[in-house]
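Using the sequences and the hints, build the whole thing.
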Amino acid sequence: MTDIQQTVYVVEDDEAVRDSLELLLKSDGKLVKTYENAAVFLKDYSEKMAGCIVLDIRMPGMDGMELQKKLNEKHSILPIIFVTGHGDVPMAVDAMKEGAVDFIQKPYREEALLEKIEAALEQDLEQRKTLDEKQEIVRRIKSLTPREHEIMDRMIEGQANKVIAIELEISQRTVEIHRSRVMHKMGTHSLAHLVRMVLSVKNLIDAR
Amino acid sequence: MTEVVSENAEVTVLLVDDNPQNLKVLYETLKDKGYRLLIANEGEKALDLALRHQPEVILLDIMMPEMDGYEVCQRLKADPATSDCAVVFLSALDDLQAKVKGFSLGGADYISKPFQSLEVIARVKTHARVIRLERELQARNRELQNDQTRILNSISEGIYGLDERGTIEFANPAAAVIMRCPVESLIGRNFFDTHFSTAAECPAGLPVHATCSQGIAENQRDIRMQRTDETGFPAEYRSTPKHDGDELHGAVVVFRDITIELENERALDEARELVQEQRDQLAHTSRLTTMGEMAAGVAHEVNQPLTAIANYARVSKRMMSIENPNLTLLQETLDKIEAQSHRASEIIRRIRRFVKKPATGKEVLSVSALLEDTRQFAEVDARNNDGAIELIVPADLPDILADPVQVQQVALNLIRNALEATRSAESDSPVEVSARVTADGNVRVEVRDYGIGLAEDAEEKLFLPFYTTKDEGMGIGLPTCRSLIQAQGGEIGFERPGDGGACFFFTLPVAGAAGTTSCPSSDEGAV
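Going down the list, the sequences are from chains A and B. All letters in the first sequence, in the order written, are residues 1 to 208 by the numbering used here. All letters in the second sequence, in the order written, are residues 1 to 527 by the numbering used here.
The calculated lysine-lysine pairs, modelled on DSSO-like cross-linking and capped at a C-alpha distance of 30 Å, are: (1) B:Lys317 x A:Lys30; (2) B:Lys336 x A:Lys26; (3) A:Lys33 x B:Lys317; (4) A:Lys116 x B:Lys317; (5) A:Lys26 x B:Lys317; (6) A:Lys116 x B:Lys336; (7) A:Lys30 x B:Lys336; (8) B:Lys336 x A:Lys33; (9) A:Lys116 x A:Lys74.
Reference listing, derived: stretches of chain B covered by chain A, where coverage requires no fewer than 3 residues with Cβ under 8 Å from a Cβ of chain A: (10) 300-307; (11) 311-320; (12) 335-343.
Derived CB-CB ranges, DEER-like: (13) B:Asp428 x A:Leu199: 46 to 54 Å; (14) B:Asp396 x A:Glu98: 50 to 58 Å; (15) B:Ala295 x A:Glu66: 21 to 29 Å; (16) A:Thr130 x B:Ala339: 44 to 52 Å; (17) A:Glu118 x B:Lys317: 15 to 23 Å.
Honestly, the hints are just simulated from the structure, not real lab data. None of these values were measured; they are calculated from a predicted model. Idealized CB from N, CA, C, for every residue including glycine.
Quick look at the structure:
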């Protein structure tokens, strides 16, 4: 699942910069896709995109910052490296607050850009991995029966088997069977691990 | 008129005879004829009365004791105060000798005794009238002469009358003041020798010489004249020949010292130069300000090709580092590097040309080329600020005669203002830049926007120095534009279009209207 091909998406209005950047990144062995403006990229965007965006902050029409906002609205997790001009540091700071991973001033040294791209791709990978893991946990939680789910919630709250049995008016033995099924379905042997897993996807479950 | 003169003005007649009987007869004859009559019975008395009353006519007896009539007449004629009266001798002696003597002594007439009263009346009347007229004539002459002298004296220009060899025959007081010596010491000197140190070597080429010798009028300014003390001064003169019929009689020279005038002119020229310099300076400052405002856009514009060049260069290196590099691809990439470096230098060139100082002066310019260049320049700003510029110039527009840098400065200023107004109004309409020929044969350039429009009091304030509606403005843009356009012989102004926004315009004279040779505007792109 983690071996999706990562692509560097270049959004840049200047033809020469776009063309040269494409050649450069390709010569470094990257997959590259270029867009001449933000609108074209937005149209092409899908959740399945993996990699990072190299985004010119100043463009006619929709500028880089606007595109970032639109992507945030779509819960995109693609890391963005903003390419800024000389006097654009305040804009870049705003972009960082909005979640951009980095920015680089034009004209840049190739090493610096590639470093930042590598870091962004790495981050994308991490995020994607974490996202995959979380989705796995959610999938496992979903496989529990309502009774198992209820018992897991009480386990996480730290209730002992005896307490659970009394409150649910079932036998302690039945609680023990459910409990072992929960541990099995969630793929763990430790209560501490279970707690951590459920907490890590708490927001995802609540969102549903 | 003579009748009027003799009747209205009182005429005095002096009667001189030692014989009381004769005096009585003369008196009776002339009384009631409108004369003032004076009587003397001897020579001394007659002279005394004549001196005091200056009679027009004196009837003078020749044969008198003590001083006879001849002597009285002689003495009357000798005194200028009485010399003009008409002496009519009274004589019984009807001989030629006496009459001739009387005339030779200045007598005007004679009457033989015994008198015929009608004759006495007739002769007195005639002589009275003649004297009266003569006196009036003299008075007039004196008046005229006085006028003339007054004029010559009061004129601040020096006046010389020269003979044909250049001898000064006349000089007015102003000439003496200018030459710093009395009039008398100028008279008789030679004009050329006195006022020109080179007179001895070659008088022929000197000022006024041709007027004196050939009768050719001259008029020259800023010649050097010398005074008798050998100090010199710059002068302007006019010389006109004096003619008597066909004959040349020298020249009249009117001249003045123009030292102060020249100084004033120099000061004025300097002041003008200073104003021009300051206008250029202000224009230059304004261009630098504009460039400062555009700095972010310009940096962005220059960074684009530089970034591309760096990228291509790195790609080229990579290509070369592998075995059997693809030379065609490498060639292509290097070509791209070259193109991008041209692009960067074009931007720099445009900036350098724009901030150049001082302005290059007037040239024959193609309006469309100039406006296209300006549009590209302004687009640096437009890209930065998200605006568009539309250029509408007819193909057959005539060339203009103007300073390219300054016209571009004005156009750029107006376009940038228009872009800003458009942005403030959050409008998507492009700024329209158009040009056309006006009815009076000028080229009119219009910059039209659909932005926020102009303030109510724009008419009074817009072109005032240091008036600005922008937070960071200095308020020198439009005043500078106006002074630049006026210096090119054009006009600048604005209109409020009915459908909103603003329209600024300026006019410039068409080249070739005054026979300017047509040459294409400077070799674009040859840098």
